[in-house]
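Novice: Below, each chain spelled out in residue letters.
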Amino acid sequence: MSFDRRKFVKAASIAALGGVVSPPLKLFGGVVVDGQSAEAVPEAVSGCIGCECSPVAPPTNATRWAMVIDLKTCREHEDCTICMDACHKTHNVPDVDNPKEQMKWIWKEHFGHAFHEADHPYLEEHVKHSNALLMCNHCNNPPCVSVCPTNATFKREKDGLVMMDWHRCIGCRYCIAACPYGSRSFNYTEPKKYFAEKGIQIEPDFPTRTRGVVEKCTFCEERLARGLWPACVDACPHNALVFGDLDNPDDPVRCLLAKHFTIRRKPALGTEPEIYYIV
Amino acid sequence: MIEKALQGGKGYWTLIVILLAVIGVGVLAYLKQFSEGLTVTGLSRDVSWGLYIAQFTFLVGVAASAVMVVLPYYLHNYKMFGKLTILGEFLAIGACIMCMTFIFVDMGQPFRIGNVFLYPSPHSMMFWDTVVLFGYLLLNILISRVAMSSENKGVAPPKWIKPFIILSIPWAISIHTVTAFLYSGLAARPFWMTAVLAPRFLASAFASGPALLIILCLILKRFTKFDAGREPIQKLGVIVAYAMALNIFLILMEIFTAVYSGIPEHIDHFKYMFVGLQDAEGVMVTNLVPWMWTSSVLAVFSLSLLLVTKLRQNETILGIAAVAVFASLWIDKGMGMIVAGFTPNPTHVVVPYTPTLIESLITLAIWGMGALIVTILYKVALTLRKQVQRVPYRA
Chain R
1038 MSFDRRKFVK
1048 AASIAALGGV
1058 VSPPLKLFGG
1068 VVVDGQSAEA
1078 VPEAVSGCIG
1088 CECSPVAPPT
1098 NATRWAMVID
1108 LKTCREHEDC
1118 TICMDACHKT
1128 HNVPDVDNPK
1138 EQMKWIWKEH
1148 FGHAFHEADH
1158 PYLEEHVKHS
1168 NALLMCNHCN
1178 NPPCVSVCPT
1188 NATFKREKDG
1198 LVMMDWHRCI
1208 GCRYCIAACP
1218 YGSRSFNYTE
1228 PKKYFAEKGI
1238 QIEPDFPTRT
1248 RGVVEKCTFC
1258 EERLARGLWP
1268 ACVDACPHNA
1278 LVFGDLDNPD
1288 DPVRCLLAKH
1298 FTIRRKPALG
1308 TEPEIYYIV
Chain W
8 MIEKALQGGK
18 GYWTLIVILL
28 AVIGVGVLAY
38 LKQFSEGLTV
48 TGLSRDVSWG
58 LYIAQFTFLV
68 GVAASAVMVV
78 LPYYLHNYKM
88 FGKLTILGEF
98 LAIGACIMCM
108 TFIFVDMGQP
118 FRIGNVFLYP
128 SPHSMMFWDT
138 VVLFGYLLLN
148 ILISRVAMSS
158 ENKGVAPPKW
168 IKPFIILSIP
178 WAISIHTVTA
188 FLYSGLAARP
198 FWMTAVLAPR
208 FLASAFASGP
218 ALLIILCLIL
228 KRFTKFDAGR
238 EPIQKLGVIV
248 AYAMALNIFL
258 ILMEIFTAVY
268 SGIPEHIDHF
278 KYMFVGLQDA
288 EGVMVTNLVP
298 WMWTSSVLAV
308 FSLSLLLVTK
318 LRQNETILGI
328 AAVAVFASLW
338 IDKGMGMIVA
348 GFTPNPTHVV
358 VPYTPTLIES
368 LITLAIWGMG
378 ALIVTILYKV
388 ALTLRKQVQR
398 VPYRA
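From first to last, the protein sequence lines stand for chains R and W. Read in order, the letters of the first sequence are residues 1038 to 1316 in my numbering. Read in order, the letters of the second sequence are residues 8 to 402 in my numbering.
Some clues are possibly wrong.
One side of the interface only, derived from the structure: several residues of chain R facing chain W at Cβ under 10 Å [as the list claims (entries may be wrong)]: (1) N1135; (2) K1137; (3) E1146; (4) H1147; (5) H1150; (6) S1183; (7) V1184; (8) C1216; (9) Y1218; (10) R1221; (11) T1247; (12) A1295; (13) H1297; (14) R1301.
Rather than coming from a laboratory, the hints here were simulated on the basis of the structure. Bear in mind the structure is a predicted one, so any value in this text is a computation, not a measurement. Glycine included, C-beta positions come from ideal geometry on N, C-alpha and C.
Chain W extracted, bound-state conformation (with noise of 0.2 Å):
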């Protein structure tokens, strides 16, 4: 199956060269962060997490929101989705990959990442995050692979792969919010320590996945002879807009609590996302107030796009309000949600935390691997499809 990743035309392959180019250089920034140290980024011993969690954080949403094209499709016989299960599992593949890469480059000792399961401690959220997630990654290859080689030959799946695909949807949700039990049980840091941080984190990430998969639906459309068609598309439009909406909610309600609270210690963080913070000299730290109102316009702007049904019925304007939601919450989640936790510190100090260069291109790599395994893996699914030319049948 995997050889038709190696057929390809000029577009195809200029896309992989690119991306192994980007591939390329982070291999080399993250060999300089290997020989010299997590120095080269600009974590500190006060914001000991940043780009590298945060992404990973960001990346663990993409990968469980494949469950909102995989259980409409299995548990409500919506035969719309048929054609974009696979994508979402495919996707979902990439996405748990580069969380652990990005868990591995963040590691201090990243040789001695065997410990976790050499030393298994179920009292750490980190040990269950790391089995969710192996798990989730091989309940997907195992899922894809069944259904990709059935559909080759022409016949329906296996029954027995019906448990499983039963099984990645709870899993799917647990994943996310084990993610969000890393960070909401840690009593030192009241900004996450919060118990609407899960459904947060999965509303977000019902919204960020689906938009993707929107704006990878498009992308394929007018680049390939690969249609996902009208009106799945338009369900997921539907689907970001209700995840958006109640992501907007959560958020709103985070704030009420800890502006009306007033207790300093909730409410400094968001002062720091959004007006910020004077640092032990005095001086006004505003780093992440442009990220913070860029993701909170975004936010507001994609979804007055999504609710209006004419305009959401609109290709272009759904994929624009696609991209504005994915940038939104990338922001949100993938830079503001983990730094912020850390400013101020536990002795109240505000440290500001600005990445590397080398930093930055070590997660762009990830993100080019991401990319690269994608691309290939909806190569293979696209050129199969093609060939068999029948309508998908799964299950």
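Here chain R stands alone, though its shape is the one from the complex (with noise of 0.2 Å):
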């Protein structure tokens, strides 16, 4: 399965052009779609778009964001590194060649690795040898945020993001011991000398880190606040990252959530986190 809005896109363009569909149709976060115009394309149409629920904008009001990963469609386009691109360079995240200090807010793991638990020798050949996307799973129950001493990592009380305030971090580490996922990244060194190092050029619109404390993905609450999707969500060319409301029964990740069979990493742990994954 794939729900392809692109496809979709082109389809109901295609069909737009032969004066099925009226205008305006937005590329995501967002395929405005009414029943109408989906149910003319039907053969187009997958995943939660035939549910009438692909906004244009993220919701103001969520209360507890989470987002549905596709790996099906990720690992269509084993290759490519789009979200990870826009995040990184969104955010100023630096690119370390020394393995043991870099950061990373979204990166790609071995399945085996990200799912130890499903993992075993007679898997599925293509989902054996694939990779999975991971970041910050924004926990309900965060671990993190239980330990960190000074309260510089949080949960956002209003929609459940969790939170980082990089000028009160002390750069203990505790809440690098306390994530099950390894969702976090110290700042080993100067951040900013990489840019130099590398012609990247710094993103004026977001705040560099300094040395010393630590980081992770905020789930673009600065784009969210601003009525955009997250990064990464907006730059997947194939749709395969989908982001709302879990609150929300209509919302797109619900809709995705009651159609497809989804894990989460190590469940077991009570942590409960909010990036579900199609395999």
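Each of the two chains sits in its own frame; use the hints to bring them together as a complex.
Specialist: Shown next as structure tokens:
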């Protein structure tokens, strides 16, 4: 399966040319679909699009953000790094060569490493050799928040985002010890130096961090505040990432979760990770 | 009182100068770390705590172990430990300061450390650990200061100090319990997430701390006029024997649970420590293996010496056993415990950690600083005691 909106848009546009569907249609985050137009192109429609639930922009009143990642689609584009590049560019995440000090907000990990409990020697070949896209799970019950001795990392009341105050963080790295997903990175050295070294432009819209603090994916709270989708979601040309409000039964993420078998990383730990994977 | 630290023989000053030199080198090393960041250490995104936090953990135990002389003396009126209590308390002060320094040098943003108090977070075990450690340091400074000054005046310590002394006993237990809670509450790290961690920490503390005290007493006896007495040192030997036996027992419990259940994420850490584990490229990583076996052999060796009464009663053999206990437990807690908890990492990948030279020099300097503090405090205590010429009378 694939909830490839681009394919849909293409089909819809062709249909539109034929006068079947009327505009506006917008790219994801969203294709504005009314019931009629969706019905008009039944072949091309898949995933949540059939549910009339693909909003143009992220909801403003979400109470629990979550993401569904379609690893099936990801697998079709093995070497694709568009979402990762977009995220790291948007957030000035330095490109560090030393694997021990790498900064990762969103990255690919061997499937067996990411889902150790689901791994076995006779796993479906293409799954076995595939990679899973990982990032902060924005746990509903985040252990990193419990351990932080300064509340520099905290869960935002209104929508459950696990946030960081880089000005308060003392760099004790307790949160790294507590995170079961390896989602946190520590600035072992001055991050800005990597931009100079590699001639990469620093994005003026987002703060750079200082040496000695921990950082991680923020689910793009700064973009959400401006009514934009998270950078990775926005960038994915294959629509493999769907983001939305888990508390809203009509949201695309809920729709996808209702329609597909999904798994989460280490659910037994009770952290309630908010990233769901279609494998 | 403190001026007594400025009067000493050649040996005393040589020791002071050596310790200051070690500290000086470490300060330079720290300046490098301070200007370049923790990149100068062997730490990584996978093993994010190493030598510093491990030393901290080990030394909290040494600090807590003062209770092993304080408790028999004050609660059981075991007079024999009268001469030792001040040494135990001073050792606790030195160890507490070392612990705090190790935490400080481990911080990515050391100057923000005040944030722990500016934004208190009772849900964090690190917050509580800071609170209990500071409290314990203050308690020991207060108690030893009052006791010394009364002794100096040849009067009995004031009555009001007694509740503080009694409080220091459970407080000592609490510092190491809370330190164990730092680790044992983490679902992410199965190696640490064991209810037996706090008891095990206490057992190893009550072996390593008194073992260090035995070593210090024997050194003092040899190089100064201070003799703690045969009996109290022997008694400490018995305490070390029991605590070490309990510690080994608890480690075996851990190994049984992991090995018999066979759950990979529990057993893998032990494999990494004792036989090695493959990294992502299939290369066997065995960097902890020789250390852990050394620790195990030393543990069995020292316990054998301690358990045989005849051997233990020989002060030289007791000294050897004390050194072996201390070395064994230092490796176990000061190297194995923390690093093995991070290896393999949460994605089951082995990333080896080796401390760098800079990191080792800073570590050595903090040990040097602790030794300097303890040396000066012991010097003051023993000089005063010599002058007073009185059997110490406390409480």
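Novice: For every hint, state whether the structure bears it out.
Specialist: Evaluated hints:
Hint status for N1135(R) relative to chain W: holds, with the closest Cβ pair at about 8 Å, below 10 Å. The criterion of a C-beta within 10 Å of any C-beta in chain W is met by K1137(R), whose closest approach is roughly 3 Å, and the hint holds. The beta carbon of E1146(R) is positioned within 10 Å of a beta carbon in chain W (closest approach about 6 Å), and the interface hint is therefore held. A distance limit of 10 Å between C-beta atoms decides the matter here; for H1147(R) the minimum to chain W is near 8 Å, and the interface restraint holds.
Evaluation of the H1150(R) hint against chain W yields a held restraint, the C-beta minimum of about 4 Å falling below 10 Å. Residue-level restraint check for S1183(R) holds (minimum Cβ-Cβ distance to chain W is 5 Å; threshold 10 Å). Hint on V1184(R) holds. Least Cβ distance to chain W is approximately 5 Å, under the 10 Å limit. Taking 10 Å as the C-beta contact cut-off toward chain W, the hint placing C1216(R) at the interface holds, the least distance being around 6 Å.
Satisfaction of the interface hint for Y1218(R) is found here, the shortest Cβ-Cβ separation to chain W being roughly 6 Å, below the 10 Å cut-off. For the restraint placing R1221(R) at the interface with chain W, the shortest Cβ-Cβ distance is roughly 8 Å, inside the 10 Å limit, so the hint holds. At about 8 Å, the closest approach between the beta carbon of T1247(R) and any beta carbon in chain W falls short of 10 Å, and the interface hint on this residue holds. For the restraint placing A1295(R) at the interface with chain W, the shortest Cβ-Cβ distance is roughly 29 Å, beyond the 10 Å limit, so the hint is violated.
For the restraint placing H1297(R) at the interface with chain W, the shortest Cβ-Cβ distance is roughly 24 Å, beyond the 10 Å limit, so the hint is violated. With 10 Å as the threshold, the beta carbon of R1301(R) stays out of range of chain W, its nearest partner Cβ sitting at about 14 Å, so the hint is violated.
Violated hints, listed in ascending order, are 12, 13, 14; each of the other numbered hints is respected by the structure.
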